[in-house]
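From just these sequences and the hints, can you work out the full model?
Chain order of the listed sequences is A and B. My numbering applies: residue 2 is where the first sequence begins, and numbers increase by one. My numbering applies: residue 61 is where the second sequence begins, and numbers increase by one.
Hints may contain errors.
Stated by the list, open to error - 20 Å max Cα-Cα, derived PhoX-like pairs, lysine-lysine: (1) K10(A) - K306(A); (2) K188(B) - K3(A); (3) K271(B) - K10(A); (4) K274(B) - K226(B); (5) K144(B) - K306(A); (6) K183(A) - K163(A); (7) K94(B) - K271(B); (8) K255(B) - K226(B); (9) K184(B) - K3(A); (10) K255(B) - K274(B); (11) K225(A) - K82(A); (12) K271(B) - K3(A); (13) K255(B) - K94(B); (14) K306(A) - K3(A); (15) K60(A) - K248(A).
Unchecked claim - Derived contacts from chain B toward chain A, CB cut-off under 7 Å, selection only: (16) L69; (17) V119; (18) L137; (19) G140; (20) A143; (21) R146; (22) A147; (23) F152; (24) N158; (25) M160; (26) M162; (27) L171; (28) P172; (29) M178; (30) E182.
Keep in mind that the hints were calculated from the coordinates and are not lab data. Using N, Cα and C, we set each Cβ at its ideal position, and we do this for glycine too.
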Amino acid sequence: MKDLYLVYKNLTRKKMRLFLTTFAIFIAFLIFGAIMTLRGALNSGVEMSADNRLVVVHKTNFTNPLPYSYVNKTQAIEGVKQVTHANWFGGYYQEPANQVVTFAVDPESYLEVYPELVVEPTQRNAWLNNQASVLVGERIALANGWKVGDSIPLSSNIFSHKDGGQTWDFVIAGIFSGAEEKTDTSYVLFHYKYFNETQSWGGDNIGWLIITTLDPSMNESVAKAIDSNFANSNAETDTSTEQAFNKAFIEQIGNIGLIIFGVVFMAFFTILIVVGNTMVLAIRERTAEIAVLKTLGFESMRIFKMVLIESCLLAFLGGLLGLGAAYLLIQVASEYLARFLPNLVLDQSILLQALGYMLLLGLVTGIAPAISALRLNIITAFNRG
Amino acid sequence: MSSQNLFELSQVAKRFTKGKETISIFHDLNMQIKEGDFLAIMGPSGSGKTTLLNLLGGVDQPTEGQITFDGQRIDNLSEGQLAKWRANNIGFIFQFYNLMPMLNAARNVELPLLLTNMSRSERKQQVKVALELVGLSDRASHMPSEMSGGQQQRVAIARAVVSDPKFLLCDEPTGDLDRQTADEILQTLQLLNEKFGKTIVMVTHDPSAAKFAKHTVHLNKGEFVKAEELLV
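Written out as structure tokens, the structure is:
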């Protein structure tokens, strides 16, 4: 502890160098925090997937509809516990730019298949009993300032209303929350039956099926059984686990993992060279001072630790500032991107990873100069000076 | 004043290997330094003055022979043991002061005390006393770059005596100073020797500086010689 002041003074002795090095680390951890949060948001659907949930879509393309009759046929397959279905509505609120992810679902079975959607019993009943009502996720409700009892018009950019126009008027029957922080609550649910009856075309079709199996170990056999059952029909199916489905959905953008690894690796590799070089130069400049400290009686191991602490402090200084900036950036971005990336949250796991990388950066960049300080011979150092 | 030997060098040899060549600095060197002495070591460049100083200061070890300090052999101590021994027993004063440029005078003086178990307040008190001793109490918060060479050397003296070592090693302490300032520094060293009983060994090229010491020895080619022999 007594040496901390000395470490601090060494760290801050060249203000411009400290600023530039800290800034470089700051940028690296800003990128790390933002990119990892983005990855987390993109992957949250994958992470939050239930083990025993399967998704059944049209084999040709998941945007193709499936016949409604598949609901009962699927229910009859061995190993299937529950079946529900959903249709993409393509909704927006007031203006096309204000998109609202909206699904037409079978209310009762949907809530059973998705137990992580938490609704107060009175609101649940209100929704079940009113076909022209919607159940709204709390995040989208918050974003639009909606509350229970509000009347909201939702328009579709795909479907038309039987009475003309593309707008459906709904009453908010309830607001659902998530069982976990990462549970997606940025969408709206309404009755499939109401949708089917009021739309002008494409009736008795569903978008996709979501089923639960009796046990996750049965997932593969159930998926095969479903796809075999509908093989050689007009609408062949492709069944996969919810996790695989969500992952494939995200990877339409590209190999997110590889892109993120590439960006983070390049940022850290560059910083490693910059900071490592700075530390080596900084310690080399202090050769005579280290020799003086050793002459006064400072043991080599003590100086070794001081150099390592200095490089770690530098890494944590820049790293924490960068992470703080990433947090602020994400806070701002999450307000604008709530509808598309509902789980844009810099969570604890990213924070812990970042702290780990800061420590690693500090140790890796400090180890070479620390060893040279450890090995520094007093006489050689004075002769060099 | 005690007449006990503080340092004893017995049959000390020091050799360096440079490539295939072995360079001998000392061969069979014997020396005693009495407690309370103020000894000046003079000699031409390459005579072995600095090597002798390094051996006395425990920053280098002899190839052969024994070095005893206050009855304890130091030639066979490990690097870590020597560091502790230096911290407890030796105060160093260098030609170019060697102050830490990022620390103010008080913090520079405090450095050796970081190696003790003293509390911060005890250290501050001790630093204050040391700076008063060298007449720089009003410069405690000044950075080395804000002080003259003489003032910096006085800070270095305060740093050397702050932990109250028995022995002070001075390597050309006035080599970088003008005559008047050099004399002031040497008077301070004299004071430390006479009033505070510090044993001092000072390496110098300067005969005027050597006059402040109680004794002067001359080194030439690794051997003690009479002053007249150096002129030959």
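| field | Distance restraint between K94(B) and K271(B), which requires alpha-carbon spacing of 20 Å or less | value | holds, 18 Å
Practice task
Below or equal to 20 Å on CA atoms is what counts here, so check K183(A) against K163(A).
Solution key: violated, 37 Å
Within 20 Å, alpha carbon to alpha carbon, are K271(B) and K10(A)?
Not OK: K271(B) and K10(A) at ~40 Å, beyond 20 Å, violated.
*asked:* With the threshold set at 20 Å, check whether the alpha-carbon distance from K255(B) to K274(B) stays at or below it.
replied: The hint holds at about 14 Å.
Holds or violated: K255(B) to K226(B), with C-alpha atoms at most 20 Å apart
OK: K255(B) and K226(B) at ~13 Å, within 20 Å.
- Hinted contact R146(B) with chain A - closest CB pair below 7 Å: holds, 5 Å
Given L171(B) was flagged as interface, is its beta-carbon under 7 Å from a beta-carbon of chain A? holds, 6 Å
**Prompt:** Holds or violated: is the Cβ of E182(B) closer than 7 Å to a Cβ in chain A?
**Reply:** This hint is violated: E182(B) lies away from chain A, its Cβ roughly 12 Å from the closest one there, beyond 7 Å.
Original post:
Does K225(A) pair with K82(A) here, judged by a C-alpha cut-off of 20 Å?
Top reply: Judged against 20 Å, a Cα distance of about 16 Å means the pair holds.
Query raised in the report: For the hint on M178(B), does the least C-beta distance to chain A fall short of 7 Å?
Result: Since chain A brings no Cβ nearer than about 9 Å to M178(B), farther than 7 Å, the hint is violated.
Just to be careful, I want the Cα atoms of K188(B) and K3(A) compared with a cutoff of 20 Å; is the pair within it?
Cα-Cα ~18 Å, so holds.
Can N158(B) be said to touch chain A, with a Cβ gap under 7 Å?
-> holds, 5 Å
Violated hints for the displayed structure, listed by number in ascending order: 3, 6, 12, 16, 18, 29, 30.
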